[in-house]
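**Student:** Chain A is already provided as a structure; the job is to place chain B on it using the hints.
What follows is each chain in one-letter form.
Protein chains: 2
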Amino acid sequence: MINKLIDGIKKKNAPIVVGLDPMLDYVPEHLKKEAFAEFGETLEGAAEAIWNYNKAIIDSTYDLIPAVKPQIAMYEQFGIEGLKAFKKTVEYSKEKGLTVIGDIKRGDIGTTSAAYATGHLGRVQVGSKSYTLFDEDFVTVNPYLGTDGIKPFVDVCKEEKKGLFILVKTSNKSSGEFQDRMIDGRPLYEIVGEYVAKWGEEHMGSEYSYIGAVVGATYPEMGKILRKIMPKSYILVPGYGAQGGKASDLAPYFNEDGLGAIVNSSRGIIAAYKQEKYASFGSENFADASRQAVIDMIEDINGAIKR
Amino acid sequence: MINKLIDGIKKKNAPIVVGLDPMLDYVPEHLKKEAFAEFGETLEGAAEAIWNYNKAIIDSTYDLIPAVKPQIAMYEQFGIEGLKAFKKTVEYSKEKGLTVIGDIKRGDIGTTSAAYATGHLGRVQVGSKSYTLFDEDFVTVNPYLGTDGIKPFVDVCKEEKKGLFILVKTSNKSSGEFQDRMIDGRPLYEIVGEYVAKWGEEHMGSEYSYIGAVVGATYPEMGKILRKIMPKSYILVPGYGAQGGKASDLAPYFNEDGLGAIVNSSRGIIAAYKQEKYASFGSENFADASRQAVIDMIEDINGAIKR
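Read top to bottom, the protein sequences are chains A and B.
Its first residue numbered 1, the first sequence is counted upward by one per residue in the numbering used here.
Its first residue numbered 1, the second sequence is counted upward by one per residue in the numbering used here.
The set of hints was computed from the structure by calculation and includes no laboratory data.
Some hints here could point you the wrong way.
Repeated chains share a single entry, so a pair holds when one copy, or any two copies, can fit it.
With a Cα cut of at most 30 Å, we get these calculated DSS-like pairs of lysine-lysine [as the list claims (entries may be wrong)]:
id	residue 1	residue 2
1	Lys88	Lys224
2	Lys12	Lys94
3	Lys129	Lys33
4	Lys173	Lys158
5	Lys87	Lys306
With the rest of the complex left out, here is chain A (with noise of 0.2 Å):
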């Protein structure tokens, strides 16, 4: 999967993924009312306008960009319903060629971490009929629990040659409370990147493991140490665009081979029908706005990391 995700990146020149993380609020209107024409005011009809709005963004977006990264807990805050528009948006963006990050941020230990990996990257045994369920390519893994958390999914990920993306350096301004403490004079980011280093050289892929690490735009000056860390892990970076980070502090997230990271950007790319930028498509025609938004960050950043 990292070698497909590198594909990708290469024949579309765009090391983007789109977060698809959609709030209630950020749907247009027309497509709230046609679903609750049909559902009701639902937890059915809110995950039938989710889902609408998510096809219709990857119809107007996947010929420009490797993969998709939809963020679970906004599918899960609709419960079960919410959970089955997960399900098909990662499904359909599978037909449609993009890899899945899956940005579940799961983590425990032992039979527990190798349950999270099954639900997301394997295949779960019943009788003598086996099942792959939410199916994701990446998913992404909180490593406060240590090897023990990481280990198990890492074995499925073997078996089913996925891959993760382990928080080393989150892009929120309250990450530095445990993050950035200092342990003989460095700190915690670098020692878990430096176990992400170690954990992905269990599961290398051509050229970059399959294994790799989120480090957030907000923190260039981290971003560079980190990933001389990490050499060989590919870097997902959150923050782009409404979290603040900007395109020409990306250039040290990526390798000399202009590869190595891939920047994340949710509500810039599937609500750019809101920003004044985009505000002509008007909110019918929101997924050519997104398709717009999509054009001008590949644009954006291959412009700041050109070299």
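**Tutor:** Relative to chain A, chain B alone:
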């Protein structure tokens, strides 16, 4: 909910919680046979077997225990059907008067954390209507992202009078890789514990905070220190029994009032019938074996914490 939990602990004289973590391997053959006869070897069949297994254990233990802790990963590994069984388990446990701790170990930031909090503790707005979703009483949360990740959960907890258990020091062997790292002469878990105490001040019940901590039974010397750092936080203690934690190690997790901690056992209770000690019950009477294991656990723990 923290008051309800403490009332339950006092009334039943049982500072314990039963972990409903149903591996399909734990489910007795006759239950699987019944479920597969009706639904085939399908995800629905697996979910039905798990639900019937849980229901029988709840029915045979609810009068003895204050709380259950379903581990969502064990349901999520069966996808949507598994999550339906999770929801049914939560609902049924609450009908039986039990406090439900959703062991979900979620953690993200901002609106994403808020979405998880909504999905598990709160209610979502769909047009003019609002709905509860998984609707646990407490959930476990991962602190790696700092205050930005915790605050949205606390906000929902305040609205709904619900609570959290935040991971501080986990029970697994590799938990020290990051959690024990020394920062200015103190381990990271102590610093996280201080934040938990601080976050907890914002949402107090009568005697204890709604915001508790997870500290593994396998590190009693650390439990002792953390007990002092977080005097008003309830401590959820995993790792008793199957993971090696002994009752004699548990006293430091409790306060002088005999309160302040709740000890979890999962496999040791729900798969008791597989232990030599309870083998005479037979797999047909697995729920009676679980009841006996609960009685024995309560005695074991109360004996150890008696002052």
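**Student:** All hints are to be evaluated individually against the structure, with a verdict given for each.
**Tutor:** Verification of the supplied hints:
no.: 1; hint: Lys88 to Lys224; result: neither (37 Å within a copy, 48 Å between copies)
no.: 2; hint: Lys12 to Lys94; result: within (16 Å within a copy, 51 Å between copies)
no.: 3; hint: Lys129 to Lys33; result: between (41 Å within a copy, 14 Å between copies)
no.: 4; hint: Lys173 to Lys158; result: between (34 Å within a copy, 23 Å between copies)
no.: 5; hint: Lys87 to Lys306; result: neither (36 Å within a copy, 50 Å between copies)
In this structure, the hints that do not hold are numbers 1 and 5, in rising order.
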